[in-house]
Amino acid sequence: MRCEEVQERLSEYLERLLDSGQSKSVDGHLASCPRCTAELADLTECRRLVAALPALEPPVGFTTRVMAHIRESAEQPGWWQRLFLPLRAKLPLPATALLLVSVLSVYLLQKENPQKKLIPPIAAQVETEALKQAGDAAQGLTANVPSSPRLMLREDSAIAEKMPGQPKALQTPLEDRAKKEAAPAPKPAPNVKSSAGAQAASKAAPETRALPQSAAEERANRVESAAAEAELPPTPSRPISGAIGVSQPAGGRPVPASPSMDAIMQDRSLRAAMPERARTAPAQPTADIEIVIRRHPQSDSADLMRKESAAPNTGGLAASRAATAPAPSEPLLRTIPADQYEQLKKELASQGTILSEVRTANGQPTTSPTLTVKITFVPAEVAR
Amino acid sequence: MLVEGIGDAECVQRVQQGDTDCFEILVRRHQKATFNLLFRLLGDYDEAAEVAQEVFLSAYKAIHSFRGDANFTTWLYRIAFNHASTRRRSLSLSQQRYTPLEDTDIPNDSLNGPRDPAEAAEQKEIQEQVQHALNRLDRADATLILLRDLQDVPYEEVAAILNIPVGTVKSRLHRARQALKAKLSPYFYASRKAS
Chain H
172 MRCEEVQERL
182 SEYLERLLDS
192 GQSKSVDGHL
202 ASCPRCTAEL
212 ADLTECRRLV
222 AALPALEPPV
232 GFTTRVMAHI
242 RESAEQPGWW
252 QRLFLPLRAK
262 LPLPATALLL
272 VSVLSVYLLQ
282 KENPQKKLIP
292 PIAAQVETEA
302 LKQAGDAAQG
312 LTANVPSSPR
322 LMLREDSAIA
332 EKMPGQPKAL
342 QTPLEDRAKK
352 EAAPAPKPAP
362 NVKSSAGAQA
372 ASKAAPETRA
382 LPQSAAEERA
392 NRVESAAAEA
402 ELPPTPSRPI
412 SGAIGVSQPA
422 GGRPVPASPS
432 MDAIMQDRSL
442 RAAMPERART
452 APAQPTADIE
462 IVIRRHPQSD
472 SADLMRKESA
482 APNTGGLAAS
492 RAATAPAPSE
502 PLLRTIPADQ
512 YEQLKKELAS
522 QGTILSEVRT
532 ANGQPTTSPT
542 LTVKITFVPA
552 EVAR
Chain R
720 MLVEGIGDAE
730 CVQRVQQGDT
740 DCFEILVRRH
750 QKATFNLLFR
760 LLGDYDEAAE
770 VAQEVFLSAY
780 KAIHSFRGDA
790 NFTTWLYRIA
800 FNHASTRRRS
810 LSLSQQRYTP
820 LEDTDIPNDS
830 LNGPRDPAEA
840 AEQKEIQEQV
850 QHALNRLDRA
860 DATLILLRDL
870 QDVPYEEVAA
880 ILNIPVGTVK
890 SRLHRARQAL
900 KAKLSPYFYA
910 SRKAS
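For the protein sequence lines, the chains are H and R, in the order given.
With the first letter of the first sequence counted as 1, position 300 gets the number 471 in our numbering; the numbers rise by one all the way through.
With the first letter of the second sequence counted as 1, position 178 gets the number 897 in our numbering; the numbers rise by one all the way through.
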């Protein structure tokens, strides 16, 4: 065994960690090698010197100080505990905040979801129908009647807007409603043109899904208005009087203020374009009795009125009839006392043949002291 | 109520269950060895006392992570070694730094030596030389020597404390002893000459 090998094992030899064979080999080498023996003596002295180092006592009160620090730190909550403890004091605050945020989120979601769910279908439906309407208007196919209530109202509104000079007070409830719905619409989308072509409508259709409902409504309204523009004939210049919009100034003929819904309905093109619901919109006011009279060929309404106005005993009834001298085929609305209805009927029978007499109040007897009678004179040739 | 007779493992278990007082048993039981290890590693009495206090505080805070796989002393010495290394780095203690024992506040009964003043002075000088040599050693080498030769810690535990294999402990311990012998050679030379 060489000196280097022995000196490598001297530390383990010193601690008696070598097996018996290695230990005997080292013993044999050390017996014949003073250098390795001196090395072993130095290592043994090193161990002894280190082991002989005195064991110092810790400072007085070391344990007390350590335990004081430990108990102090044990009383202090850790960072995790500082975040959440004590629960009694800190839990209510985050819990309340969380609850408020949750409730607000749910409320906002519920408030927003119906819009998200409903806007695209409604907008798409309106756009589709507007597209159909515009296409029909362009092709003159006016038989396609839209079914969407919103679209109907908007058509009503579009038609009403086409009537110049009509006072707002004389507009039908449907028209008012359509106006109100169209009123809150914001500024129109910049890229939507007001042309009635299907191309513009198809361009606007995909954008409508992302727009608010009011914008989509206005866009549909624009397209529909354009369709109505393309379809509607010029405003009739002839005087139209009817149940609605007839002003009757005292002492003169009834002045047709503006075309009413009934007048519009007389136009075939308008009738085709109008939705069924608008066509059957209730007249205002409603006559209790409708009488259709075919005049005698020799009879003339002016003569009739002159005779009636000359009769001394007709009183207010005659004056009322004179004030509303009819033009041929123009219906008249008369409000008379209920007990004078038979007298009026006799007078009418003397001027022509009563073709029909219809009580319009659903056949129910009226309890009102007055009756509103709608009188329609039919010329003899028309009746034939 | 402190029960001094219970073992380290049971003390640790009780502390883990919330019995803080049981930790006092562990402190009393291991404070001297821990403090001496730190004092020999740091070479400064006050530093050693302060670091020893930090070691026990750290041990208490981390007591729930002690699973009982090793001895409590092994776990505690490992904490002490880490704290000593950190403290040495933070204080930039040089290997030459050495606080003479007479300059430290050491309890009087700590130095049990010969009653002959001349012999006591010589022994004290030798101890200072050894401490000085230890202070100039690498920390791991000094720790190996101190754990094995001063504390008589088994190789397996030394390996666990330093987180190195047992074989590595043996080889490094031999080199550490060689290095310490080289630093103490003047003493050996003088002693041989005297003998």
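If you're looking for bench data, these hints aren't it; they were derived computationally from the structure.
Bear in mind that the values here come from a model prediction, so they are computed numbers and not experimental data.
Certain hints may be false.
Stated by the list, open to error - Beyond 12 Å from chain R on every Cβ pair, some chain H residues (computed):
| no. | residue |
| --- | --- |
| 1 | R173 |
| 2 | G199 |
| 3 | L280 |
| 4 | S527 |
| 5 | R530 |
| 6 | P540 |
As the list claims (entries may be wrong) - Covered stretches of chain R, going by a simulated chain H footprint (3 or more residues, C-beta under 8 Å):
| no. | region |
| --- | --- |
| 7 | 755–768 |
| 8 | 775–782 |
| 9 | 843–854 |
| 10 | 858–870 |
| 11 | 875–883 |
Where a beta carbon is used, it is the ideal one built from N, C-alpha and C, also for glycine.
* Numbers of unmet hints, in rising order -> 11
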